[in-house]
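Student: These protein sequence lines map, in sequence, to chains A and B. So the first sequence is numbered by full-length UniProt numbering: it starts at 1 and just counts up by one. So the second sequence is numbered by full-length UniProt numbering: it starts at 1 and just counts up by one.
Take the hints with a grain of salt, since some may be wrong.
Stated by the list, open to error - In silico contact screen, one side only, chain A against chain B (beta carbon under 7 Å); selected entries: (1) A47; (2) P50; (3) G99; (4) P129; (5) I234; (6) L259.
None of these hints come from the bench; they were simulated from the model. For every residue, glycine included, the Cβ atom is placed at its ideal position computed from N, Cα and C.
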Amino acid sequence: MRKRHTPKDRLITVALHVALAAGLFFAAFPIYWMLSSSFKSNTEIFALPPTVLPKAFTLEAYAAILGDPVKLRFFFNSYFVAGAVTVLTVLIALLAAYGFSRFNFRGKGSLNTLIISTQTIPPITLLIPFFGLVVSYGIFDTYVALILTYLVFTLPYAILLMTGYLNTLPRDLDEAVAVDGGSSWTALWRVIVPISLPGIVATSVYTFLLCWNEFLFALTLTKSTSMRTVPIGIQLLMGQHAFEWNQMMAMSVLGSLPLLLIYLIAQRFFLAGMTAGSVK
Amino acid sequence: MTRQKRSHHRLKRAVAPYLYLSPSLVIIGLLMLLPMVTVIGYSFQNSAVLRRDPSFAGLKHYQAIFNDPVFWASLWHTLYFTCMSVIFHMTIGMVFALMLNSDRINPTLRNVLRVLYILPWLFTAVIIAVIWRLLLEPNGVVNSVLMQIGVIGSKVEWFSSPETALHAVTFANIWAGYPLFMVSLLAGLQGIPKDFYEAADIDGAKAYQKLIFITIPQLMPIIISISLLDFIWTMQVFPLIWITTGGGPIYSTEVLSTYTYKLAFSSYNLSQASASAVVILLISLGLTLFYIRYQKAR
Chain A
1 MRKRHTPKDR LITVALHVAL AAGLFFAAFP IYWMLSSSFK SNTEIFALPP TVLPKAFTLE
61 AYAAILGDPV KLRFFFNSYF VAGAVTVLTV LIALLAAYGF SRFNFRGKGS LNTLIISTQT
121 IPPITLLIPF FGLVVSYGIF DTYVALILTY LVFTLPYAIL LMTGYLNTLP RDLDEAVAVD
181 GGSSWTALWR VIVPISLPGI VATSVYTFLL CWNEFLFALT LTKSTSMRTV PIGIQLLMGQ
241 HAFEWNQMMA MSVLGSLPLL LIYLIAQRFF LAGMTAGSVK
Chain B
1 MTRQKRSHHR LKRAVAPYLY LSPSLVIIGL LMLLPMVTVI GYSFQNSAVL RRDPSFAGLK
61 HYQAIFNDPV FWASLWHTLY FTCMSVIFHM TIGMVFALML NSDRINPTLR NVLRVLYILP
121 WLFTAVIIAV IWRLLLEPNG VVNSVLMQIG VIGSKVEWFS SPETALHAVT FANIWAGYPL
181 FMVSLLAGLQ GIPKDFYEAA DIDGAKAYQK LIFITIPQLM PIIISISLLD FIWTMQVFPL
241 IWITTGGGPI YSTEVLSTYT YKLAFSSYNL SQASASAVVI LLISLGLTLF YIRYQKAR
């Protein structure tokens, strides 16, 4: 169809590829730098001129992180809290989404609006009352405090994401169960859940990601080193050894691993969650 | 008998949705709406949280905040940080989306680049902050390269000099946030019917005309809703600034969230911090109302 081989056309194609390369540099160079610095010795990190590839490739930074029980505990805490919140969120959101997707009831519109608007409530606004509550109930510096507070932030997204998914499933399936005399509860577990797995996976991935990234509440509602999560651990590392850049980079790489793996394995689920806030 | 059974069934259908929603509503009610009311209450008390029987303070804490020049500086920095971030997120996201959508690149390259261009989005704010601190260290790679090509004469302390710190954190945030726009716009581009462009080709439209008269108007709903969400979320950014500059040097990167945090947990002035938190809440709610109205009008 299109005239492809005029010199002007070829020039545009070349210019486009140059621009793509520049874009790639912009997007990926900082990440490449983190990765390559994590394999350098701390003296090489500030060598002049900077070395693009580690001159003396070393795993010493990783060994330092993985050999330190205090730092391994940060990872355990992050996995444990994110895992627990994900299970709870998905269960609770699934029920709510089923209610939104399969029933008409009074107040449905306003409840939906309420849930959409809770997505934009500033975390800093809730931090002070949460701090007050957590201290007065004696759960300061515990997993419970983190799990409960994270739940509030993950739930609205999870409900919207799950409702969106359930709305794409044909209604005849669960109506068939009703015709056979089954309750809506039976229909949910026998019919809806088994075919909703992609939606459940997408919701889990996004919930896990939100928890894994959380910083403000972990910073404020925990205190002892044994309760800290990875983001706080990285900050602590910076305070303790201001110049151990290779360890900080190694910890950042290890801290990004779950998200990178999920992204590479389940890209479409990941992107579904990423645009969740904007689709509804 | 059957009628009774049917009415029983109908009652169950009427109650069921509330039962399904109840766990969520209890959590949102107790842990979101109630704390919002609580924080508003705190903002009118003296020594909120710290004392068991706080006395009523009226608007004192709001007055204190509005008379504090640091509050106004924080508001201004938040506005600068947020506006610049949203504008550049949108621009970079749009340029990347258009480039990836071009039929001049081969599909494999497109898929690989799409994965790589999303990368910044995958990193936690804390890690982004640490990466940029390493890159922008006075002895780091950015200074070294810029000095070699002669852009700067001497080492710049990007995060620790008041002239550059705000721009540096804004730049790091721009880098971290454009993929949301890119992914949403890419999805939007694929949804524009091909006949629009074919009709324009028949009329002899130039590439830029197609961009201005077809692509951008078609993407407008996405652009507006993502911009609003991005604006609300960027306004609330905390960890990136906390880790890179901590609001300093000399308040030059203080934003509303770091200002509020310091009032609460460095000065332990939880009442005044609550007042500041309420101000942030009101700004967010205003924008959210706008967003919801826009979504409903669509």
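Student: Take the hints in turn and mark each one as holding or not.
Tutor: Results of checking the hints against the structure:
1. Checking A47 (chain A) against chain B by beta carbon gives a least distance of about 10 Å; that is not within 7 Å, so the hint is violated.
2. With a cut of 7 Å, the hint placing P50 (chain A) at the interface with chain B holds, because the nearest CB-to-CB distance is about 4 Å.
3. With a least beta-carbon distance of about 3 Å to chain B, the hint placing G99 (chain A) at the interface is held under the 7 Å criterion.
4. About 4 Å separates the beta-carbon of P129 (chain A) from the nearest beta-carbon of chain B, less than 7 Å, and the hint is met.
5. Hint status for I234 (chain A) relative to chain B: holds, with the closest Cβ pair at about 5 Å, below 7 Å.
6. Because the beta carbon of L259 (chain A) sits about 5 Å from the nearest beta carbon in chain B, less than 7 Å, this interface hint is met.
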